[in-house]
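Undergrad: Chains as they are written, first to last, in this note's numbering: chain A, 1 to 113; chain B, 1 to 117.
Incorrect hints may have been included.
Said to hold, decoys possible - Below are the DSS-like pairs computed for lysine-lysine, each with C-alpha atoms no more than 25 Å apart in a straight line:
1) K42(A) <-> K11(B)
2) K105(A) <-> K57(B)
3) K42(A) <-> K79(A)
4) K78(B) <-> K42(A)
Think of the hints as simulated: they come from the structure by calculation, not from any bench.
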Amino acid sequence: RKEVEQDPGPFNVPEGATVAFNCTYSNSASQSFFWYRQDCRKEPKLLMSVYSSGNEDGRFTAQLNRASQYISLLIRDSKLSDSATYLCVVNIGYGGSQGNLIFGKGTKLSVKP
Amino acid sequence: GAGVSQSPRYKVAKRGQDVALRCDPISGHVSLFWYQQALGQGPEFLTYFQNEAQLDKSGLPSDRFFAERPEGSVSTLKIQRTQQEDSAVYLCASSPWTSGGLGETQYFGPGTRLLVL
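Construct all of the structure, not just a fragment, from the sequences and the given hints.
TA: Structure (structure tokens):
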């Protein structure tokens, strides 16, 4: 079983739609959680960190449920420029390199006019 | 300011050839990570440096893979006797913190696309 699992999509939505991505992780010792965005043939870029209390950044809302080991990302009022692959990422936070990130396969979003 | 840079951006190698991939992290960044991203997959951790010390190489897939960061800045990932399954994008990331994680951002370079024929 993969440590971080996501629905690969693709999610094809019209402009203005609300879309939600879900992610589960297997290691209950995971300490930090993130959503990264990766455009085609580009490097991953941090979209937002995810906290147990939930956090919002403009049209983006991220939620973490530690009991269910579940992370979500909600995008409201989708824009064409939101088209990308969204990577769910966790950090275990122990061991020789506390910082190495564990990525899901990514969920592809395509926003259509 | 300058971000993480990697070279070459593209590399085509014949099976059995040795390759060297370079990463220039953001100046002053303590932590440096290498990841491998196969087509259609998320990046997977290869190895981690704190300054010049390689603290974790648990993700290196075989002893054909070797990484170094001798002066604590530029890093080189070397792959010996390349195989077709080595074809992937190799991403380098740096962070100003010693732990490199636990909530802190890692800054990724554009990657080197390696194709082994």
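Undergrad: Each hint: holds or not?
TA: Hint-by-hint comparison with the structure:
no., hint, result
1, K42(A) <-> K11(B), "holds, 16 Å"
2, K105(A) <-> K57(B), "holds, 22 Å"
3, K42(A) <-> K79(A), "holds, 19 Å"
4, K78(B) <-> K42(A), "holds, 22 Å"
Checked against the numbered hints given earlier, the structure satisfies every one of them.
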